[in-house]
Each structure stands twice: as structure tokens, then as C-alpha cells.
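Participant: Letter by letter, the chains look like this.
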Amino acid sequence: QTTDSTAKATPVVVQQPAPNAVQETPKKKAWYDRISLRGYAQVRYNRLLETNPNLKCDQCDKSLGDGGGLFLRRGRLIFSGDVSDRLYIYIQPDFASSASSNTLHFFQLRDAYFDVSLDKNKVYRFRVGQSKIPYGFENLQSSSNRLALDRNDALNSAIANERDLGIFFYWTPEAIQERFKLLTDAGLKGTGNYGVFGIGIYNGQTANKPEVNSTQHVVARLSYPLLVGGKQIIEPGIQAYTGKYVVTPDQVSSGVGIEEKYLKDGFDDQRLAASVVVYPQPFGFQAEYNVGRGPEFNLESNAIEVQNLHGGYAQAMYRKEVGSQVLIPFVKVQHYEGGKKHERDAPGYSVYETEIGVEWLVHKSVELTADYSIGDRTIRNAQNFDNRQYGNRLRLQAQFNF
Amino acid sequence: QTTDSTAKATPVVVQQPAPNAVQETPKKKAWYDRISLRGYAQVRYNRLLETNPNLKCDQCDKSLGDGGGLFLRRGRLIFSGDVSDRLYIYIQPDFASSASSNTLHFFQLRDAYFDVSLDKNKVYRFRVGQSKIPYGFENLQSSSNRLALDRNDALNSAIANERDLGIFFYWTPEAIQERFKLLTDAGLKGTGNYGVFGIGIYNGQTANKPEVNSTQHVVARLSYPLLVGGKQIIEPGIQAYTGKYVVTPDQVSSGVGIEEKYLKDGFDDQRLAASVVVYPQPFGFQAEYNVGRGPEFNLESNAIEVQNLHGGYAQAMYRKEVGSQVLIPFVKVQHYEGGKKHERDAPGYSVYETEIGVEWLVHKSVELTADYSIGDRTIRNAQNFDNRQYGNRLRLQAQFNF
Amino acid sequence: QTTDSTAKATPVVVQQPAPNAVQETPKKKAWYDRISLRGYAQVRYNRLLETNPNLKCDQCDKSLGDGGGLFLRRGRLIFSGDVSDRLYIYIQPDFASSASSNTLHFFQLRDAYFDVSLDKNKVYRFRVGQSKIPYGFENLQSSSNRLALDRNDALNSAIANERDLGIFFYWTPEAIQERFKLLTDAGLKGTGNYGVFGIGIYNGQTANKPEVNSTQHVVARLSYPLLVGGKQIIEPGIQAYTGKYVVTPDQVSSGVGIEEKYLKDGFDDQRLAASVVVYPQPFGFQAEYNVGRGPEFNLESNAIEVQNLHGGYAQAMYRKEVGSQVLIPFVKVQHYEGGKKHERDAPGYSVYETEIGVEWLVHKSVELTADYSIGDRTIRNAQNFDNRQYGNRLRLQAQFNF
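Residue numbers (the working numbering), protein chains in the order written: chain A, 1 to 402; chain B, 1 to 402; chain C, 1 to 402.
A hint or two may mislead.
Which copy is meant is left open, so a pair is good if it fits within one copy or across any two.
The calculated DSS-like cross-link candidates involving lysine-lysine, where the alpha carbons are at most 27 Å apart (straight line), are [unchecked claim]: (1) Lys181 - Lys29; (2) Lys231 - Lys122; (3) Lys209 - Lys62; (4) Lys264 - Lys209; (5) Lys364 - Lys29; (6) Lys181 - Lys231; (7) Lys62 - Lys261; (8) Lys364 - Lys231; (9) Lys209 - Lys261; (10) Lys181 - Lys120; (11) Lys181 - Lys122; (12) Lys320 - Lys181; (13) Lys62 - Lys264; (14) Lys261 - Lys364; (15) Lys364 - Lys122; (16) Lys28 - Lys320; (17) Lys122 - Lys244; (18) Lys320 - Lys62; (19) Lys364 - Lys28; (20) Lys120 - Lys320; (21) Lys364 - Lys120; (22) Lys209 - Lys244; (23) Lys244 - Lys264.
Honestly, the hints are just simulated from the structure, not real lab data. Keep in mind that this is a model prediction, so the values were computed, not measured.
Excised from the complex, chain A in its bound form (with noise of 0.2 Å):
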């Protein structure tokens, strides 16, 4: 690219150097458009207009109600590209992570994976290590386009950070290649590329835990960005995992039974989604579905077992440009009923919630977003049967992207 621009300005044959080369590999790209660094960071205050500081939601966001100020919910720095020509590597720390309840900001890797591709259009790809696990179109799209501050408990309660240590395989034609590009150039708030058909095996445990049981999960996901009408496009998508997860004894409150095959082996974990969502052009609409069977606490006989769950959501938007602007209103409910296998003693949980809200891109790289938000959450677990809280606040998102 360099050396065509400048061949063309001028009849004179340029030898165009190298900038800045690197000097032990004199042929190859310098390393800076090998690698490059991207990020956002999300600032939140969720207090204000609360009604009740006793809902709160660890999943989503720990500093919802009570002690809650001013907090750094996600902080990401980005070195990925293309290495060579078959090689791409994604290393995405985030710098807002715990090493314990009251040290906070530690960096902790989300993913590191490196696609290795078998041919040169990058139709067939082979993803190794941590990256998300493809179950859930909410959960593969990106935090940074996600409208509404939270993922939705039903399909978010299935992977702990949305990710595990795995092998995959993706399928991607090259026209949809460009497809899926497109959703995330142009503001739409696509996945980006996780394949037109994935199927991988992962560890179970999800993100930065360690494997206990020594056996795999699978999962497999098909959808497709349909063309309707040469603009409006429809991704509709269904998905799939199965395995054994292990809750693990730090996890486990004394008192609490679980059967000795549980223990060793892991419980049952499987889930079956389905996916649609409707890119805002300028409406939109996006819902998904969930059920599935997996560890839960069982009040009746005070233990953890396998059960059923299931839960999904809706949401509606309409994207608005304002001059360099963009305003992005949306309304969303859920509903969840089913355990949380991540949290201690696997509670069993019963989730609404409504959320109105918008999305401001007051310039291209600050965004404002503001989220009423109506919920009615009830948790199960052995220290309370029936630890029910609802309450209305008004959250404040202002995020950064560079």
C-alpha cells in the first residue's frame, strides 16, 4: 500500500524505506503494524433515584446498591493483529479486575486467543485459548456496543465472563466476513466474527478458573446475517453446549449436601438458545431464548442438584444520528428462573426486570448512557429461603473508547 501510493506521486522509482524497522527482522512488517492497541474503559454510578439498596447483583455489576459509589466496571487495553498472514493473536486484559473482595484493579486476562487460519480468505479458522464461548449473541457482542449496562441473567448465568479456555472452530464465508464487519463499523453493535457455524470444546469452569473434572464441554452455534431488502439485516441464531461443571468446595457452604457422583464428577450443564436479533436501521429488535438444566440449591433437601431452568429476553431500539451524534433509545425485560452455577451454594433465582433507557455518542469517543431500570429479583440459597428484593434506580454509564 505504502509503496504503490508513493510509486504513483512521482515517475521516479522510490525506494520507499521500511519506517522505522525494526532492525532484527528487516523484511517483515514492523512490529507496530503487526500489533496494534485499542481499549474503552466504563465509568458507572448506579445510586441515584434507588428505591431499594438491598437489590443488588453481583453478576452484573457489584457496586449496585448498598456502599456503592462511583465505580470502574470494565477497563480493557487490546493488542491484536494479524501476525502473519495466517496467525492472528487477541490479548484483551482488563484492568478493573479483583485479586479479592477489597483490592481492587488488577490486570486479569479476558481473552487471549490466537486464530490460526487453513487458508488465505480466512474462511476456515481454528481459535486456541481463552476467548468467549460461542452461546448467546448478547454474550458475544461486546460490552463497549452492548446498549443496556448489563448482559441479561438468563443466557449470562450459563458462562461466567463469557468465556473459557478451549479449542473452536469457525466457518465464515468471505461475503459474510465483510457482513459481520460491517454491524460493528457502522455503529450497529454487531458480534464481529464468531462464524457463520462454531463448534469447540472448552474447559467448563469458565474464565480464569482452573479445570476439575478433567472433562470437556462442547458447544456448537449457528446463525446467520440475512440481507432483507438490501439494507435491513436479520441475524437469527441457535446454539448449544453440553458438559459437566464442578462446584467446586470453596464454593460450598457447610451444611450444604451434594452427592458424592456430583463431586467428583461435576453436574450436569447443558443449555439449548435461540437468537434474533434486527440491526437498528434506525429501528431495531433483538430477543433470545434460553433452557437448560444445571446446578441448583434444592430448599427441600437443603442440597445442590441438577434442575431445569430457563429465561430469556427482549429488547427494542430505535438509532438516531444527530450530526456527528448518535442518540440510541431501547427498552429491555428479562426474565430468568433457573440457578446460577457461579455463585456460592449455586443459588436458585427468579429474575424481572425492566430497563428503559439511551444511548448517547456524544462524540466518537465518549459515550453517555443512562438506564432506568425496575427489577424484581428473588434469591435461594441456605442462608435464605426466599431472599426477595425489587426496587427501581437510575444508572449512569459514561464510556471512553480509543
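For this one, chain A is given, so just place chains B and C on it according to the hints.
Facilitator: The following block gives chains B and C in isolation, referenced to the frame of chain A:
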């Protein structure tokens, strides 16, 4: 290199292509022109001519006294830049942070702030995120610029690691922006631009700690670098903050009492400080003093209570250029009388310390400091009502700037 | 700024502006020409053809045996460069570090060293900071270059993570600098430049651990890559260290005794090693052996005492280029008899292991290794006086270089 070869190649006007432009952002600057990386590191040895190995200071340097050896006191990578015409980012991990008392060198955030300027000339700015609290000149001055190896106890006991999560507003007229920049670029050891006027709110539990009491601290600062006689620059400043600080249960020894109201809402935490700096051209002088109130262990009631505190320091220095090298001998005296809210049981302190040292800029990126320190420190807590330690030591530091 | 000066300069000879020069440093090189970023990552699976899931080795790979799954063994980002004509920096976080037994993938330092050269040609260098201790060829060789998946127990038990905080002096004549460089650049798997002669002091508690006993270890090494017959390079080496190592209270089980003198000052920790490497052109050979003394659990006294240790390894390999790919089959045998000071109670070990494997450079940045390992390991500590485990397994690794 680049210059030579192009110049030789052709006399025709060459349209220089944007070198190495990242493909997905054809119109904006390449990532490495928006974000840059620099940093510094400090390696120390504090045990020479040591007369009392029990004279320690956790707030200062954990390798002081018994058991100390070579120590990586600070290691910083700074990712910063004007990522758009209105957004400046500054993300600074420290790579010498402990995750627990015996595991060192984790990456933890110091700064992650985002400056949104209201005008093109950056006179009016909002700063969002974790950043230094505008309280005290020495607190704001980078450790890479400070002469003495540690900050003074009196003002630094206000905010551990000098930082917290908050929202700040800074006002800096353009001419003073230039002056602040000159004061750091010319090796005069200024603070950088924290505004002529700054005001903000922040959580109040200090850097990398979760908020506890749902109320914010408020801080304000006024500081002006006066140009005197065409060359000398004198910077007087005044600053104050107020809020409620919670001594969390994990920081209180069993048997030590805390009144109910303090437990929940926190202790009064209020300070007022005055600063004056005469920048070293060649002779310099610097002094700060603060008074206030905050949590402190009370010997008589065996409880943590709100008590008065006061203290400050004065420093004289002389800047001498010797060829490309710079030598800055200095002398610093300090005193503090009050509690340290960040330490277990908020112990009371009486601190007297004198330091005589010299900073030697050996080469543009290598700096050596020798600091002979004469200290007298008394700590009063539940374990020891009058733990007085005094002694002398020679401290050495090698600093690497990159 | 850059644009202006070019425009004014002349329509003819084009003054090539420093491309992308950072504005605040007009005269020095852009930051990305002073600092570069590269790295590598290793993803493993160790459970194929496993005959004994109780055959484990914490020092080697925590995912060996029962409970192990896919594992990110190492993930490294390397920020390095000649930041001035006399200062070279090397800062290497690992992003696969645990903050506790069940929270993985934190960023923790491996290297943070600063080379100050006394002469322009870098023949005489001081290295300050955390770096590899010059003890053992395989310890100094990057894991990205090693054929076998883990280092040998015998020499690697000397220094956990191969590193410590210290000050070192290295001497490398210019011709040998070139040769060391060639040995890594040409894929011959050298160590890089740790000097023909190196000497240094370091804390002695090993990487990322605080110093305890106020005394430093001393190390020295002599190593020379001899050019034999115009092509073959043979590198013999000799190295030794001495110091006092403290087994800290948190590393001692209750009931296990330690004599008073050892508790305070530490145990004798002394080793001497010989190395020889014949670089693979195409046939290669490599062997090291060390003897020494160090802390080891004594079954009879139920106490940790100073005991003798010895052991080493030998490896043969053959380097075969097949088009742009490289295949290196290898066989390695190792033996160790002695204590492991870094583990709880400094258990005694008897290790016999044979590995037969092949490294396959599939593409310039993707490397696969298969390693069939036949092991026999006995651990003697307070919990089990004779925990002998033997068995075989096939281990796989994918390494990504960027």
C-alpha cells in the same frame, strides 16, 4: 536513515503516504500516533549504614529495615495520548504491586483517567476515572521527578497512593498550560497540569479500594505558577478536602473499639493544606503544611476516634548542570503528628525526619539518588502504645526512564 | 509542526519528516522505535495416554495429571528496546499467573531489567532489576525456544521461575555478541546474550518474593560459544552460586521442625553446575549437571535441614528443515536427587524422567510439540514419607509466537 535515503532517491515532490496506517481506520491517525508508551522504574537498596533495623515505614517503602534487600519500589508503564481532539487517556499500571504480603510484582492500576475537554484548547476539562487527588504539590508530582525517595508523611497520609476514583473539573488557561509543561520538560520537577483551579468528588476509600459508605469526598485546589522577574517561577497553592472515611472491619484488630456511627458512616476526614514551590533555577525551595481531622487510635479508650492532625515539610535544593549531566543536592525536613487511616487500627504517629541527599542524572535515562535519612518515628496502636524508633541510614536508588 | 517545516524547507529535496514523531520529543526517535512489543503463548493438553493421574509435578506444569484440562502454561508480552544509546529495557509480564490457587490469568512480572552499558558497543553491561539468574543453560534459554515442555528438575530447582531481583555485570566481546544473536535468530535455540562472563548478587528468595534474611546470594558464570570447523558451534559453560535461603513460616507445616539458626538466617543454598551444548546443525546435543546443598525435609528428624543434592539431564536433537517448516525430534533423560526449597516443607525428591518428542514449526508463528514422557517421581515430605508415582503420558503443546 529514512531522511537520507529519500533525499537521495529523487528531487521530485514525493507525496508521503501516511506511513503504516492501520487499514480499518484510513482517515484517523494510526494507533501509535494516538497512543504512546513510556514509563519508569525504581530499584532501591536501603540498608547501608543502617543504625536501627526496626525503624520502618510501610507507607514509605516496605523494604526499609530488617529483612529488606534489593527492592523494585515502582515500575510503571504509561499508555497515554490524545485519542481524539476532545479525549485524552492516561492508563498507568504499576508492575511492582503485591497481591498479598508474599507475592510481589503483579500489575495493578495506578491511573486510568479520561480527560474530556470542553473546548479545543483544553482550558476546561473534566477528568473521569482513577487519578491523583488534587491535594498537595508533592502528592501530585510524579515519583519519577521527586528528589527525596519518599513523600512526606504529613500530606501523603491523606490519600494512599495519592489516588482515588472520581470526577474532577480542571481549569487551566492556555498560557499556564505552557508553563506547567515547561516546568516538567525543563527538568524543574513540576506536577504537570492539574489545573490552576481544580474541584472534584471521589469515593474516599483511596486507590484500588471499593467504596463503602455511599458518600463521596469533595476536594478543591487553587495553584498558580507565577513568573517572577522573567525567569523565576514561584508556585503557591492551597487545597482542602472533606468526607467520611470508613475503617473497614478487616483493618481493625479484635478488642479495638469503634462507635456504631463511625462503623457505618465513617469517620470525619478533613484536611486543609498550603504549598509553596520556588523552582530550582538554580536554587529552589519547597514547603507544604496541612492541618485536619481524621480517624486515629486513642490509647485511653482503646478505640479509634476522630482526632486532630497536623504536619508538613520543607525542602531546599540546588540544580547544577554539568555537561549533559545534572546534579541536584537537597535537604528535606519533615514532621507529622496524627493518625494514619490506611493502616491497621489507624495508629497515631509522631514523625520527625531529616534527609540530606543528591540526585544525579547520569545519562538522560538513568538517574541515581543517594539519600541519607535521619529519622525518629513513634507509632501508637493497640499492640504497642509507644513504639518509638530512631536511627539513620543511607538509601540508594537507581531510576530508569524510558 | 512536522508538516510546516517540510513545507517551508524546499520544493525540491524533500526533508523526510520523522514519520509519526511524537510531538513532545522532536529530536529523539518515536516511542515505537525505541520500544517494541512481541510475545508468545503456550496452550497445552497433558492427558493423552495417561497411565497414572497421580504423577504430577508442580514445578513443571500445574495441569499435569488428575483434574488437568486445557491449560495456558505461559503467556508473555515483551516490551523491550534500546531507549537510549546506553540503556536497554526489557519488561516481560506473564499473563498466565495465578493470584491464588483458583484465580488464574493475572498479569505478573517475569522480567523487568535495565541494562546500562559502559561502552557504546555494549561489551560491558550492568543489569539491574528482576532477571534470569545466570545459572544453567536451560534456565537461561527462553521457554519459547526449549524443545522439551518443561525444564529439568535438577537445575531448575535452584531458582523458581529462573529469576530474582539483583545487580549483575556481563562481559561479551563484540564478536560473541554476534554469535549469541545468530544462535537465536537462526533457530538454533540459544540463550541470547547472558555474557561470556557474568557475575552478580541477588536477594535469593527467587522471583516475585520479598527478601527475608537481609543477605544476598552471589552467582558467577562463564560460557563460550566455540566455533568449530567453520560451522559447528559448541558452548561449554560453568556456573555456581551461594547464599542463604529462608523457608518462610507460611511454607512450613505444623509439626515440622526448623532449627533456630535456620529460621532467622536461612539455610545454606549452594550449587555448582557444568553445561555443554552442541547446537543442532543438524545434529545437536545438550547436557547439564549440578551438585550442591540446600534445605530438604529429613524423614528421621521430621525437620528441614541442609542436605546434599545432585542431578542433571542430557538431550539429543536433530534439526530438519522441510520447505519453510522445521521438524526437531528430540530425546531427553533427566535425574534429580535432592530437596525442592520452593515447595512446602522443602520436600526431598527422587526424579527419573525420559522424554521422546518432536517440535514442529508449522508456520513461522505457530509451533506444535508432542512430548511422550515416561516418569518416576518420589516425593518425601511430612504428609507422605515415600510418595512414589510413575507412569507415562503424551503431552501436546501449541505455541504462538508474535
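Participant: Run every hint past the structure and note whether it holds.
Facilitator: The hints, checked one at a time:
1. Lys181 - Lys29: Answer is both: 24 Å inside a copy and 20 Å across each meet the 27 Å cutoff.
2. Lys231 - Lys122: within (25 Å within a copy, 41 Å between copies)
3. Lys209 - Lys62: both (19 Å within a copy, 13 Å between copies)
4. Lys264 - Lys209: within (17 Å within a copy, 34 Å between copies)
5. Lys364 - Lys29: Answer is between: at 14 Å across copies they meet the 27 Å cutoff, but 29 Å inside does not.
6. Lys181 - Lys231: within (15 Å within a copy, 51 Å between copies)
7. Lys62 - Lys261: Between copies, since 24 Å is at most 27 Å while 33 Å is not.
8. Lys364 - Lys231: Result: close within a single copy only, 24 Å intra versus 41 Å inter.
9. Lys209 - Lys261: For Lys209 and Lys261, only the intra-copy Cα distance (21 Å) is at most 27 Å; the inter-copy one is 40 Å.
10. Lys181 - Lys120: within (17 Å within a copy, 32 Å between copies)
11. Lys181 - Lys122: within (13 Å within a copy, 34 Å between copies)
12. Lys320 - Lys181: Intra 21 Å, inter 41 Å, cutoff 27 Å: intra-copy only.
13. Lys62 - Lys264: between (31 Å within a copy, 19 Å between copies)
14. Lys261 - Lys364: Classified as neither; 54 Å inside a copy, 46 Å across copies.
15. Lys364 - Lys122: between (30 Å within a copy, 17 Å between copies)
16. Lys28 - Lys320: Between copies only: 23 Å across chains, 44 Å inside a chain, cut-off 27 Å.
17. Lys122 - Lys244: neither (32 Å within a copy, 55 Å between copies)
18. Lys320 - Lys62: Answer is neither: 32 Å inside a copy and 52 Å across each miss the 27 Å cutoff.
19. Lys364 - Lys28: This pair counts as between: shortest inter-copy Cα distance 11 Å, intra-copy 33 Å.
20. Lys120 - Lys320: Between. Shortest inter-copy distance 26 Å satisfies the 27 Å Cα cut-off; intra-copy 38 Å does not.
21. Lys364 - Lys120: between (33 Å within a copy, 15 Å between copies)
22. Lys209 - Lys244: within (15 Å within a copy, 36 Å between copies)
23. Lys244 - Lys264: within (10 Å within a copy, 43 Å between copies)
The structure is inconsistent with the numbered hints 14, 17 and 18, although it conforms to all the rest.
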